[in-house]
Amino acid sequence: MKGILLAKFTSFIRGPWLFLIFTGMSIVFTLIIGNIGHGFDRIGVPITGDESIKNSAIGKALEENDVYDFAWREKDALEETVRRGNAEAGIILEEDGYEMIVGIESPNVRLIEQTVAELYAKIFREEAVLGLFAGNEEQKDKFLSDYHEAMENPVFTIENQTFQSAESFIFDRGLHSIFGFTLFFVIFTIFYSVMPILIEKKEGIWDRMILSPLKKWEMYIGNLVYSFIEGYLQILVIFFAFRFLFDMDFHGKFGEILLIMLAYTFTIVSLAIFVTAIVKNTQQFNAALPIVAVSMAMIGGAFWPIEIVQSEFLLALSKINPLTYGMQALNDLVIYQEPFEVVMMPVSILILMGVVFMGVGIHLMEKRHLQ
Amino acid sequence: MTLDSSHPLDARLNWSHGGGNMIELIDITKKYKQTEAVKNFSMYIGRGEIVGLLGPNGAGKSTVISILSSLIEPTSGDVKFLNESIIKNPQPLRKIIGIVPQEIALYEDLSAEENMKFFGRIYHLKGAVLQKKIDEVLQQIGLMDRKKDLVKTFSGGMKRRLNIGVAMLHDPEILVMDEPTVGIDPQSRNYILQTVKRLNEERGMTVLYTSHYMEEVEYLCDRIYIMDQGNLIASGSKEEIKQILASENTILLKADYWNDEFLEKLQGIPQVQQMQVDEKEVTLVVSKEINIFSEVAHLADETNIQLRSVHIKQVTLEDVFLHLTGRALRD
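Each protein sequence line maps, in turn, to chains L and P. Using my numbering, the first residue of the first sequence is number -16, and each one after it goes up by one. Using my numbering, the first residue of the second sequence is number 2, and each one after it goes up by one.
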């Protein structure tokens, strides 16, 4: 077994190009599509108002908003933008209130209105409080800073929580891209590392090993351990790159992510063995790989959130797709911040699938070899 | 000596009183879903022999080799090594067999030496013993000066030599070679043939050699089995097999071109038993007693064919194959 691993790693070191290409593609696609390094996408909201409102506290506060990209426009341009559907809503700001032009009724519109309303309420409240103050200018500054401090550190806090339903989901484009593209591209790396078994069988290397004192299990374990290590190494490189080069903290779940990836890598190695056992030659393998990988990614939620898939048939198919459970485990852990016990459910399904694929795959391979 | 599959072979007779056979295949049949790759095939290999297995592509030679080396199980029949069946217990045979597959069974991204180390290690050879063995084999196959080079940089002939070399690392008693000279230059081919001959003469290594090149088998082998379409069609020593054509002559006609009329009329001569047409040569198998030279010359005149030469050939295994199957070996 040591000999097999040594031969495989020597070959890998002499020709790591496929590994590097798929690792690079994972990172580049994630950077481009996940918009990593540019924060998240802010929703654009056109606003308009005269010079005085632009320079007022409300104008400044809207410009500095982290969630929405409030951009000043002329009133005509604002109306045109909303009319064309390029923005969900626009806001005409005035000193004593605002007017909202809504193009598309969506949850975002309510949130935008809530943001603007809260801002106005805050400013009005401050003005009202100041109106009641009767001291001189020096005392007024002190009063204002005390007021701000009291607002920031209230005597008690009220925390709002919303119920989560099956229909609601959180979508973090950056994390989703990292998870999706990593799980997708590693399928190619692992499959291409398993494919040499087909070539070795055809060319007689496998026969030579069978005739040697090497045990059958050593042959399989040697090949599978190598594929597992190569696949997992790719995952490590990608996650370490985003953790330490692009400074993503994965909500503090970096270690747990890597644990989940152990199960996913095992399952994909098993799936590769299964596919290798079914196909007859490398041509069939090369044809099957993109079909398997892309369809798994599409119905498993690697390219887009699986929550937006409506078709019952596709959703049923996704239940036998390891990538679905890989994505579910990662999303539950990192995005929904579920405890690790909850994540164990999809991880267990992954391991079970891995065992089944591996068992059936090796059985078919052996059967075919003896025929 | 045996002439056809309906009346099989001397092998069955020989091992009944031969005694010292290493390996025996007894009435082997191998069926796949649609086809029968090997049909009631029997053979034996004695210690220290070079036995040839001849036949065109698709004759079933590789299937016989796989069954003989315990890689696949026959549908029916038995394989014995030193009188013990290997079908349930292949280990004793596997310890002493070296196999040279038809394909280049090597890692292309590793050097010759690294390949040797890999295949040596799977036979539990280690350290200085392994290194000594590697150097010895590399010397034998003439690749000592290229041992550090990657296999993918080798010529076809060098790869074939290394392919043989890795099968010799564990000092096998029997070497099974499946078409080891396919697709290589004449020099490398000679080198391989000489190496096999030397291994047999100097070390007494038993060799099963398959090929569809008659001349290789004629040069190397003590005894020959000829297969076609899964059947054993002849077996025996070279001389015995050639005796099949003892009552026939093989006549070789040469000309710059042939025309259909000439060939049709030639085939129409009742005494012509077999005819093989190449671009500038026609091979005829005819009864020895009959002289057809005048008739051939007359036909050539009549059909405007200018014959360059007409002569009686020494009987070759190729002619025997033509006689038995009506086809050339390389068809």
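A few of these clues could be false.
[Stated by the list, open to error] Listed next, with one range per pair, are the computed distances between beta-carbon atoms:
{"id": "1", "chain 1": "P", "residue 1": "GLY59", "chain 2": "L", "residue 2": "THR265", "range": "18 to 24 Å"}
{"id": "2", "chain 1": "L", "residue 1": "THR265", "chain 2": "P", "residue 2": "ARG199", "range": "33 to 39 Å"}
{"id": "3", "chain 1": "P", "residue 1": "GLY59", "chain 2": "L", "residue 2": "LEU241", "range": "51 to 57 Å"}
{"id": "4", "chain 1": "L", "residue 1": "ILE182", "chain 2": "P", "residue 2": "PRO93", "range": "51 to 57 Å"}
{"id": "5", "chain 1": "P", "residue 1": "LYS89", "chain 2": "L", "residue 2": "ALA270", "range": "36 to 42 Å"}
{"id": "6", "chain 1": "P", "residue 1": "ASN305", "chain 2": "L", "residue 2": "ALA270", "range": "51 to 57 Å"}
{"id": "7", "chain 1": "L", "residue 1": "TRP200", "chain 2": "P", "residue 2": "GLY59", "range": "50 to 56 Å"}
[Said to hold, decoys possible] Quick list of in silico lysine to aspartate or glutamate cross-link-like pairs, EDC-like style, CA-CA up to 16 Å:
{"id": "8", "chain 1": "P", "residue 1": "LYS148", "chain 2": "P", "residue 2": "GLU114"}
{"id": "9", "chain 1": "P", "residue 1": "LYS153", "chain 2": "L", "residue 2": "GLU186"}
{"id": "10", "chain 1": "L", "residue 1": "LYS350", "chain 2": "P", "residue 2": "GLU74"}
{"id": "11", "chain 1": "P", "residue 1": "LYS255", "chain 2": "P", "residue 2": "ASP302"}
{"id": "12", "chain 1": "P", "residue 1": "LYS281", "chain 2": "P", "residue 2": "ASP257"}
{"id": "13", "chain 1": "L", "residue 1": "LYS184", "chain 2": "P", "residue 2": "GLU109"}
{"id": "14", "chain 1": "P", "residue 1": "LYS148", "chain 2": "P", "residue 2": "GLU104"}
{"id": "15", "chain 1": "P", "residue 1": "LYS153", "chain 2": "P", "residue 2": "GLU216"}
{"id": "16", "chain 1": "L", "residue 1": "LYS185", "chain 2": "P", "residue 2": "GLU109"}
{"id": "17", "chain 1": "L", "residue 1": "LYS185", "chain 2": "P", "residue 2": "GLU249"}
{"id": "18", "chain 1": "L", "residue 1": "LYS105", "chain 2": "L", "residue 2": "GLU132"}
{"id": "19", "chain 1": "P", "residue 1": "LYS266", "chain 2": "P", "residue 2": "GLU216"}
{"id": "20", "chain 1": "L", "residue 1": "LYS105", "chain 2": "L", "residue 2": "ASP79"}
{"id": "21", "chain 1": "L", "residue 1": "LYS125", "chain 2": "L", "residue 2": "GLU101"}
{"id": "22", "chain 1": "P", "residue 1": "LYS255", "chain 2": "P", "residue 2": "GLU280"}
{"id": "23", "chain 1": "P", "residue 1": "LYS314", "chain 2": "P", "residue 2": "ASP223"}
{"id": "24", "chain 1": "L", "residue 1": "LYS184", "chain 2": "P", "residue 2": "GLU104"}
{"id": "25", "chain 1": "P", "residue 1": "LYS314", "chain 2": "P", "residue 2": "GLU249"}
The hints are simulated quantities; they were obtained by calculation from the structure and are not laboratory data. Backbone N, C-alpha and C define an ideal beta-carbon position, used for all residues, glycine too.
TODO: Hint says 51 to 57 Å; check whether the CB-CB distance for GLY59 (chain P) and LEU241 (chain L) agrees.
DONE: holds, 52 Å
Open item on the list: Hinted pair, alpha-carbon criterion (16 Å max): LYS148 (chain P), GLU104 (chain P). Please report holds or violated.
Closed with: violated, 20 Å
Task: Pair hint LYS266 (chain P) and GLU216 (chain P), alpha-carbon separation not exceeding 16 Å - done: violated, 31 Å
- [ ] Assess, step by step, whether the Cα of LYS148 (chain P) is no farther than 16 Å from the Cα of GLU114 (chain P), and give holds or violated.
- [x] Within the cut-off at roughly 5 Å; holds.
Open item on the list: Between the alpha carbons of LYS314 (chain P) and GLU249 (chain P), is the straight-line distance 16 Å or under?
Closed with: Judged against 16 Å, a Cα distance of about 11 Å means the pair holds.
- [ ] Would you mind confirming whether the straight-line C-alpha gap from LYS105 (chain L) to ASP79 (chain L) stays at or under 16 Å?
- [x] holds, 13 Å
Open item on the list: Can you confirm whether the C-alpha distance between LYS105 (chain L) and GLU132 (chain L) stays at or below 16 Å?
Closed with: Cα-Cα ~14 Å, so holds.
Open item on the list: Tell me if the beta carbons of LYS89 (chain P) and ALA270 (chain L) are separated by a distance inside 36 to 42 Å.
Closed with: holds, 39 Å
TODO: Quickly compare the C-alpha distance for LYS185 (chain L) and GLU109 (chain P) to 16 Å and report which way the hint goes.
DONE: holds, 14 Å
Task: Proposed proximity, GLU101 (chain L) with LYS125 (chain L) (alpha carbon, max 16 Å) - done: Roughly 24 Å between the alpha carbons, so the hint for LYS125 (chain L) and GLU101 (chain L) is violated.
Task: Satisfaction of hint between ASP257 (chain P) and LYS281 (chain P), Cα-Cα up to 16 Å - done: holds, 6 Å
Task: Whether the CB-CB distance between ILE182 (chain L) and PRO93 (chain P) falls inside 51 to 57 Å - done: Violated, since ILE182 (chain L) and PRO93 (chain P) (Cβ atoms, about 30 Å apart) do not stay within the stated range.
Comparing the model with each earlier hint shows violations of hints 4, 7, 14, 15, 17, 19, 21 and 23; every other hint is respected.
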